[in-house]
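Engineer: What follows is each chain in one-letter form.
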Amino acid sequence: MYRDANTSLFKFWLGELKPKGKILTPFNVIAALTILAAVVILFFRFSKGLGTVVHPDQDRPWGLWINFNVITGVAFAGGAYVLTFMVYILGLEKYRTIVRAAVLYSLLAYMFYAFALLLDLGRPWKVINPIIGNSFGISSVLFLVAWHFILYMGSLLIEFLPTATEWATLKRYRRFFGGMTLAVVIFGIALSTLHQSGVGALFLMAEPKIHPLWYSEFIPILFFISSIFAGLSLVIILESIGRGVFKKEQSSSHRKAHGSVMMSLARVCAISMFVYLFMCMLVFIHGKDYTSFGEGWGAWYLVEILGFVLLPCMLFLYGYKQANLTVIRIAAIMSVVGIILNRMNISTIAYNWFDHSLHWPSWMELVVSVAVIFVQLLVFRWIVRRMPVYRESPAWVSSDGKLKKSLHTTNKWRNKKWKASA
Amino acid sequence: MGNNRRNFLKTIGVVGGSLTFGKSFAAGTKKSENKKEFYAILYDSTRCFGCQSCEVACAVAYNFPAPEDYPDPAVVRKTNTSQRVVVNAIETENGEQYMRSSCNHCSSPACASACLTKAMHKTEEGPVIWREDKCMGCRSCMIACPYNVPKFEYDSPNPKIQKCRMCYEKLVEGSTPECVSACPAEAMIFGKRRDLIDLARERIYSDPDSYHHEIYGEHEVGGTGLLYLTALPPGDLGLRTDLGTVPFPEHNKTFLYSVPAVLVLWPAFLLGLRNASDEVKNNLKKS
Amino acid sequence: MEGFSIVDIYETKGAEYLFVIGYLLILIIFWRLMRNPGKTLRQIKDAVSILSAKILKIPQGIYFNKNHTWAHLGESGAARVGVDDFLQHIIGDLQFSGLKEVGDSIKQGEILAEIQQNGKHLKVYSPISGQVLETNTLLTDNPEVINEDPYQKGWLYQIKPSHWRKETGSFLLGEEASVWSEKELTRFKDFLSMGAMQKYSADPAMVTLQDGGEIRDHVMSELPEEVWMEFQQEFLNE
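Taken in order, these protein sequences are the chains called A, B and C. For the first sequence, counting from 1, position 263 maps to 486 in the numbering used here; every step adds exactly one. For the second sequence, counting from 1, position 213 maps to 531 in the numbering used here; every step adds exactly one. For the third sequence, counting from 1, position 43 maps to 113 in the numbering used here; every step adds exactly one.
So that you can see chain A by itself, here it is in the shape it has in the complex (with noise of 0.2 Å):
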């Protein structure tokens, strides 16, 4: 499970790659075969352009790509900054046994849907120019955006070496990771609330083309605000599917923790989104525009608002107060759906809605989506099986997260300073 001291990092690694698990499941099977259709696929997108695999429309030039994986991925990644606020800041004990599963959910998240965003762009080899400072546009969101998203990476990266380097047992990288914590956790909450928004404030330039139901200039707020719930919720259906699939590697005090933490969240999505159908309602009365309601749009709207916001609210609720699991997963996977369709509609429904045509994604274009989070899953469950994501840290950290102190005397450094004094 962890590197014993005497093997090297390298042969450790070696046979940690060694599948663990049955490999023929239905799951693998079905994720192989997108996986390799997938991988056609965007052959046949680099080699002969992307309308090959998209369908070309002047009027919709963002595809499922951006508006699905990347714009409705990146709400669902939000669990890692409210549960690090509420570890980290709060000091809410309660939350740690899941906060590591959050991180390396976002973590993976964010990596993969940049990496969907990447087969979006027409010329992805010319990415690096705004990186790199060849030309910095710094009045587009789109800039602040994919900056912040850079810079979350590495924020959520070093939260999850401490994991990383427990599996492999390198103590001194594991103290100097853990160290930064709170810096890193700080640094990315404030960077979350501005890129969660940031996704929402790339369309505040599309005011003609988003019908006024779903735009406003709080769009911004609304995405920051439905994020933390939308996170939340993921983690409570990751949780309780982890339940099953990752026996063997939850820790007992994680499993028996199970039941009280999924309430607390239950209670916590509540709230916001409660905060949120009344930051809904105040910007629509702002709006003053009533007439909006019409032409089937209205009764969509109320859909997306009623039935999957303030239902699974009230039945999160309900699931809280009556002690019910089951009612709280199904809340979850109401709100998961809300959340789509509140980022669709704006990215994509909703979007040039006065052309009364719908129109739907290319069969390719669903396919290497799927793909995408069906690779981000895979990559989930190889570290799972192997890092201490659920399990217990090893034996040389404490409970609270931090070293224990004996840890102080193997210090090479001191030692060396020692010998020469002697």
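The set of hints was computed from the structure by calculation and includes no laboratory data. Values in this document were obtained by computation on a predicted structure and should not be read as measured data. All C-beta atoms, glycine included, are put in the ideal place defined by N, C-alpha and C. Just so you know, not all the hints are guaranteed correct.
[As the list claims (entries may be wrong)] Calculated Cβ distances over 10 Å to all of chain B for the following chain A residues:
(1) L259
(2) S270
(3) G274
(4) V364
(5) L384
(6) R398
(7) L445
(8) E472
(9) L581
[To be verified] Derived DSSO-like pairs: lysine-lysine, alpha-carbon spacing no greater than 30 Å straight-line:
(10) B:K604 x A:K317
(11) C:K193 x A:K479
(12) C:K190 x A:K471
(13) C:K259 x A:K470
Start from chain A and add chains B and C according to the hints.
Structural biologist: Only chains B and C this time, still in chain A's reference frame:
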């Protein structure tokens, strides 16, 4: 103490001196008074009769195939990856009217503001140009442009963004854009934006019955480089009138202004919270 | 926008402020709703009798072994042994099996009897060594006697003890037994909320006990075999 007072008086003296005399010192180095003014194109729709000479000239200049379709009231023609300017015919109460459609070269362009690599660039001379060496094909400009002008080459592995560039290379050498010189009816005039607005107003005053009393593009989205004179209200001829007069980049103002503020305030606030929660924990441990 | 007709950009501010006041009031209500979990849990507690330390009977003069069995030396020199009130309260309806016969000798730590309920079972170990003089036939026909009166009518065996003083030296008596009994109840609550309930409970209303909620009577009857096995390990084996 005495030393401090002396330093204080010195500072006051320097600051006061530079405030009173500074302006005259700096004036010699100021370049902003010689700022270039935008060029623009004035398009008089009452003179246009849909001959498509402008379309052909543009296609020739940029190596595109000659246009195969023609202005037709039944069809709304749009620019595309091989046509940077198109003319549309609109059936109205005054008979068939014509309207040119291309990039409007806004004074404060949404596309240039949205571009994260500065590939979309508002030049000092006025035209908004797309710079190939910087573009990464993210298509944010297409999302931002209220007129849906930039067109993306979906069928190319090295896709470009296509749109009118007001023949920028010719412009800096002192000549006029191709479409303007090609027009047989002199429906387009090229000049400084300031002069063209004056000229447009003159035309309206001297012939008030022939024109709708508005220069489209004077204030729309903060002012555009394509100015339109029309016989009927611009909305009747297919020009968008619901875009407002606020430049589109200002839609992002509140958000972008708050970014540094959040990066300053959040860490301080979070550190404070962490401190407080640590204290509470320590108190609990003690008791 | 062009300055030709009236425009008030702060037109909706009045409505917004009123809305915010309404929102703050509703927020107070919502927050109060959200603060405490499970009103249902509280209702269950009130409706059903609660197992608390005060209910557990600790009669004087009875020696308690930490594996929840008791022994009482009668005037005749014969000792009665049985299972304690705690066990019967948490299990509820039970049957005894594997009872010893008259004349059997039994050692401290050997199986005293087995408790059965719906196919689940627990082994109870003897507190003292000696020879079985009598078995309580009342129990085989009327096992509910043990729920009513575990220390008097619900005795299991009369035993002639062989090493009474030595073996009962470490047993608990009177006040000590009361204190221990309360601790055992707390330990049992922890055992449930930390482990058993979360993993195995079919009834979701039992899941959260972390705020010091009380346990329902006969709670073990609703828990599956796995929990019984864990309980055996934790509470009955020494």
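Engineer: A separate judgement is required for each hint: does it hold in the structure or not?
Structural biologist: Now the hints, each set against the structure:
no.: 1; hint: L259; result: holds, 22 Å
no.: 2; hint: S270; result: violated, 6 Å
no.: 3; hint: G274; result: violated, 3 Å
no.: 4; hint: V364; result: violated, 6 Å
no.: 5; hint: L384; result: holds, 20 Å
no.: 6; hint: R398; result: holds, 20 Å
no.: 7; hint: L445; result: holds, 12 Å
no.: 8; hint: E472; result: holds, 29 Å
no.: 9; hint: L581; result: holds, 19 Å
no.: 10; hint: B:K604 x A:K317; result: holds, 20 Å
no.: 11; hint: C:K193 x A:K479; result: holds, 26 Å
no.: 12; hint: C:K190 x A:K471; result: holds, 27 Å
no.: 13; hint: C:K259 x A:K470; result: holds, 25 Å
In summary, the structure is inconsistent with hints 2, 3 and 4 from the numbered list given earlier, while agreeing with the others.
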